[in-house]
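One-letter residues, chain by chain:
2 protein chains.
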Amino acid sequence: MCDKIWCRSQNSVVQPLLTDLYQITMAYAYWKNGKMKDYAVFDLFFRKNPFHGEFTIFAGLEECLKFLDKFHYSNSDIEYLKSTMPASVEPEFFNFLQNTTAKDVTLYAIEEGSVVFPRVPLLRVEGPLIMVQLLETTLLNLINYASLMATNAARYRMVAGKAVSLLEFGLRRAQGPDGGLRASKYSYIGGFDGTSNVLAGKLFHIPVNGTHAHAYITSYTSFSDLQIKTLIHKHTGEQQDLLELSCQYRINIAADLGAMVSEASDGELAALVSYAIAFPDGFMALVDTYDVKSVEASAKQQANVTGRNLTNKLLTNGSNKSPRNGAKNSPIISDEPTWSPKGGLLRHGELGELFVRSGLLNFCAVALALNDLGYKAVGIRIDSGDLAYLSQVAREIFQRIAKRFELSWFAKLTIVASNDINEETIVSLNEQNHRIDCFGIGTHLVTCQKQPALGCVYKLVEINGQPRIKLSQEVGKVTMPGRKTAYRLYGMDGHALIDLLQRVDEEPPRVGEKVLCRHPFEESKRAYVIPTRVEFLHKMYWKDGQILQKLPTLVETRNRVQESLGTLRNDIKRNLNPTPYKVSVSDDLYNFIHDLWLQNAPIGELS
Amino acid sequence: MCDKIWCRSQNSVVQPLLTDLYQITMAYAYWKNGKMKDYAVFDLFFRKNPFHGEFTIFAGLEECLKFLDKFHYSNSDIEYLKSTMPASVEPEFFNFLQNTTAKDVTLYAIEEGSVVFPRVPLLRVEGPLIMVQLLETTLLNLINYASLMATNAARYRMVAGKAVSLLEFGLRRAQGPDGGLRASKYSYIGGFDGTSNVLAGKLFHIPVNGTHAHAYITSYTSFSDLQIKTLIHKHTGEQQDLLELSCQYRINIAADLGAMVSEASDGELAALVSYAIAFPDGFMALVDTYDVKSVEASAKQQANVTGRNLTNKLLTNGSNKSPRNGAKNSPIISDEPTWSPKGGLLRHGELGELFVRSGLLNFCAVALALNDLGYKAVGIRIDSGDLAYLSQVAREIFQRIAKRFELSWFAKLTIVASNDINEETIVSLNEQNHRIDCFGIGTHLVTCQKQPALGCVYKLVEINGQPRIKLSQEVGKVTMPGRKTAYRLYGMDGHALIDLLQRVDEEPPRVGEKVLCRHPFEESKRAYVIPTRVEFLHKMYWKDGQILQKLPTLVETRNRVQESLGTLRNDIKRNLNPTPYKVSVSDDLYNFIHDLWLQNAPIGELS
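Sequences listed follow chains G and W, in order.
The end of the first sequence is residue 607 by full-length UniProt numbering, with every number in the run present.
The end of the second sequence is residue 607 by full-length UniProt numbering, with every number in the run present.
You may find that some hints are simply not true.
Since copy identity is lost for identical chains, a pair holds within one copy or between any two.
Stated by the list, open to error - Straight-line Cα separation of at most 27 Å, DSSO-like style, residue types lysine-lysine; simulated pairs: (1) K82 / K234; (2) K229 / K37; (3) K32 / K202; (4) K82 / K229; (5) K234 / K32; (6) K202 / K82; (7) K376 / K229.
Note that these hints are calculated values from the structure, not bench results.
Take the sequences, apply the hints, and build the full model.
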């Protein structure tokens with residue numbers, strides 16, 4: 001097996017042949033026509049923010065720079081091209097290709113991790129026409145998905161809030177192995193806390209997380225499947241029977257959970273005990289394996305919208321009430337035992353269907369047994385059902401046990417939820433006051449199900465000093481000609497006000513001085529801005545074969561995302577009907593665009 | 001750069017660490033509890049066909065086998081795991097991992113490229129519990145996207161019909177570099193004819209295609225940009241001025257197209273001439289660069305739905321009518337010149353906006369000039385606008401020129417269309433009688449925009465000879481326990497009738513003998529089937545560390561897809577409201593499932 005699978009943190013499939021054939025046929029046509037010295041400028045930008053949002057996170061720059069750095073056609077590449085292109089292609093062209101590197105290219109870019117907006121070039125790529133054309137497809141490939149993924153992750157982070165952990169669990173559903181790896185990397189940049197993907201952890205130094213699957217639980221059927229039942233006490237070193245202790249606790253606490261020991265799965269308890277023996281300091285258990293019936297739904301129908309009343313009722317039952325159960329400050333648990341097994345809102349048998357009765361009971365039993373041995377359990381994962389409601393039930397039970405056993409940390413056990421979660425699910429769970437600490441998110445995150453592609457384009461804007469404009473029936477598709485640079489102007493309150501594109505030879509806007517910002521296509525839309533801060537968006541990242549800026553670490557880029565998002569007003573970032581951020585052009589650029597437009601658009605004839 | 005980037009046609013990121021961490025934590029918990037000898041059986045299957053369809057193409061098997069073949073944790077993998085897992089993990093576990101291979105695993109699978117259906121295991125993976133669990137995520141990753149992509153491609157192929165070429169153009173929008181490579185590979189398997197992705201061509205021997213982009217056209221502004229204007233005659237070797245010849249033809253044919261030479265772009269003509277000089281035998285031109293105005297839409301509103309009447313009118317104008325213009329068998333061109341520049345349905349200025357006047361005129365001029373030098377042009381690509389209508393206009397013009405110049409091949413020039421095409425677009429273009437020969441398809445194809453993930457799952461069905469059932473509130477999520485094998489039963493007309501799952505120790509169904517097929521969950525749904533052919537779906541592909549079947553080439557798998565689809569009734573394959581294909585179980589398996597279900601489902605108590 002090849003060892004350098006991801007050379008300098010980049011998949012080695014990223015290489016010059018990872019491109020559309022037409023880039024190479026065009027290169028030949030340019031070469032054949034003696035256009036080796038033509039000098040071109042391309043802008044790479046997108047026209048529309050993804051996910052019905054009004055912002056995008058720019059990502060993929062480091063991969064682009066590494067691609068430039070190692071741009072080289074191998075001998076086998078050249079052999080392949082010779083065999084694929086028409087026989088009429090002159091052999092000297094292949095010599096030319098073989099000596100081609102990216103050293104004559106100059107690349108300006110916005111800092112990776114920045115919030116970016118439509119039409120503002122993410123990259124400006126200058127250099128020999130042939131060379132910059134040869135870069136197009138690979139640059140687009142590297143930026144499109146990276147930016148889409150980072151944006152998606154940032155949106156999940158925004159709706160989830162800062163207090164909640166977010167883990168990327170999408171490898172199995174990602175678009176290929178590398179789709180999975182890049183999902184892990186760019187969701188981390190976008191604000192996730194970790195991934196389940198081990199290779200991503202190894203390659204990118206991202207925290208990895210994970211416990212066990214349902215199959216682990218179902219692989220145990222009874223106590224007799226346990227070959228080892230003992231665990232040593234963390235501090236005394238004394239061997240104790242964790243199974244026996246767990247069984248005692250299970251009997252002891254069953255009524256607190258409104259459960260009956262006879263209904264809980266022994267196979268599940270055996271599985272949890274074995275897992276706790278393997279990871280006594282990291283005991284995190286999947287608790288919904290034996291949650292099999294449809295009664296949950298009907299029970300919920302009788303509860304109010306947030307499920308809280310029902311939760312109260314469920315939780316205030318039980319004969320083993322601790323003395324603390326009547327404590328004043330419990331926000332949810334009622335002092336009144338309003339429900340009893342035989343007469344209340346829910347009848348006894350109906351409760352048995354909640355995972356509470358098996359998974360949660362077994363988890364709490366093992367966690368309490370672990371506690372006797374000096375270990376603190378971590379928490380539970382719920383992978384099915386009504387996550388808001390179930391998390392409330394679990395939290396209530398943890399609080400109840402915390403009180404009864406005077407273990408305050410037990411009330412704060414981690415609740416992880418992980419069933420088909422998307423941005424809307426999180427918004428809805430928030431409205432229902434979920435008690436989840438951590439979301440594990442897969443398919444929707446990594447495939448960007450809501451919009452699986454970002455539409456970055458790469459457009460010629462200047463050649464040999466002459467500006468180029470691409471006209472279109474749609475105004476939105478008209479390109480902005482010439483070499484441009486971009487500034488972000490900030491207002492009094494520190495928020496970003498507007499992005500401003502100028503021609504490169506214009507004076508930059510200055511702090512405290514009035515700047516006229518114009519809509520690029522609507523003549524009458526203009527605004528004067530007096531910036532309190534001016535950010536130069538385009539930095540030179542690559543020239544003369546050298547990477548010119550210190551490349552940030554993944555964590556630095558991740559921080560950059562949050563910092564950059566922090567400069568945006570909330571109404572621009574919100575999930576529903578966000579306000580568009582303004583992207584403007586200078587008066588000079590406005591006139592330049594529109595003069596060129598008129599020059600290029602033919603005048604019709606009516607008679 | 002690493003040379004073995006794609007070891008044995010597989011991206012080298014496919015390796016044991018490309019997995020969820022919980023597979024490794026579970027492995028440790030199993031190991032810690034002495035379950036190294038436990039023997040498990042997992043089924044890999046999906047529950048729902050993608051894209052609102054009723055079939056799926058199974059793909060990714062070869063990659064799975066290669067993954068098994070090279071399964072091995074490297075030293076650096078082990079070092080990484082040691083640094084990541086809790087310090088309490090015993091060092092012997094890492095020794096165990098380091099010696100782990102897939103040689104004790106047995107894998108049964110359906111042939112790659114077969115049509116497959118929900119619940120029928122695509123893979124049955126047997127072996128030591130730890131080992132088969134460690135394979136889960138990677139196998140799912142390799143199969144989910146491959147099958148989704150192949151299915152998507154097969155659906156495009158079905159709606160496009162066999163006469164049309166389909167090219168995959170999606171690299172720039174794919175989900176990462178490898179997302180692009182695998183899109184190329186599996187869309188080829190699914191029925192595409194080629195890709196623009198050069199690396200995919202090199203690695204998988206897929207035909208690659210491509211000509212030039214809009215930037216190529218806009219990089220030329222005038223004739224003076226042409227450094228070389230001459231081309232040698234293919235047969236005589238005589239140098240001729242291709243530009244001059246093209247200009248002459250442009251004047252000569254302008255009126256045939258209802259165009260004026262003064263309105264056509266000289267930059268575009270220069271670009272096309274230069275391209276023709278580079279590829280005289282492969283001249284394929286993008287013709288819509290100078291298609292800039294909104295009049296096209298209003299012109300179309302005045303035409304009928306298919307655009308045919310308008311096309312007739314457009315095309316029957318012109319003073320340079322050839323003598324053949326009144327020929328009888330032309331299916332579309334009317335003999336009656338119903339339109340004239342100054343008085344008809346469309347006024348003169350309005351036509352100027354169609355690409356016909358610039359791109360198509362320039363293309364035809366260069367193609368005719370090339371013809372004089374012994375070369376046959378290939379065709380045009382249209383990348384914007386109303387593709388049905390524009391393809392009809394272009395086809396009419398080609399036919400007109402073919403007649404006028406008595407060049408029958410000119411009427412059959414290839415028309416490629418490539419603007420944001422999806423399955424529905426093709427259906428709609430078919431209804432409008434498009435004249436397109438080839439679709440270049442990108443974003444929607446490669447990201448599977450309609451449904452970007454297939455939901456394959458990997459479920460434990462047996463352990464140490466004991467069947468396992470996973471119950472669920474949703475009947476559809478109940479797993480079918482035990483080791484099963486699958487048969488496809490064919491009817492009199494050669495079509496597949498039903499898939500039948502049996503327990504492995506049952507006698508296989510026999511040709512000509514009545515078999516009772518039961519719905520797996522609905523007691524009263526039963527059917528007797530007398531198959532005329534019985535296909536054994538599950539073959540043993542991997543045992544004792546060996547790949548046991550000859551692996552087909554990509555072309556063989558591609559043929560298998562079409563052959564397998566050919567056995568399905570059309571109503572199952574159709575785009576709109578397809579009929580579900582039946583997946584059944586034997587009576588024995590039915591009883592086995594339901595007995596186990598009753599054993600595992602607790603009996604509630606009502607009082």
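Tell me, in ascending order, the numbers of any earlier hints that this structure violates. No hint contradicted; all consistent.
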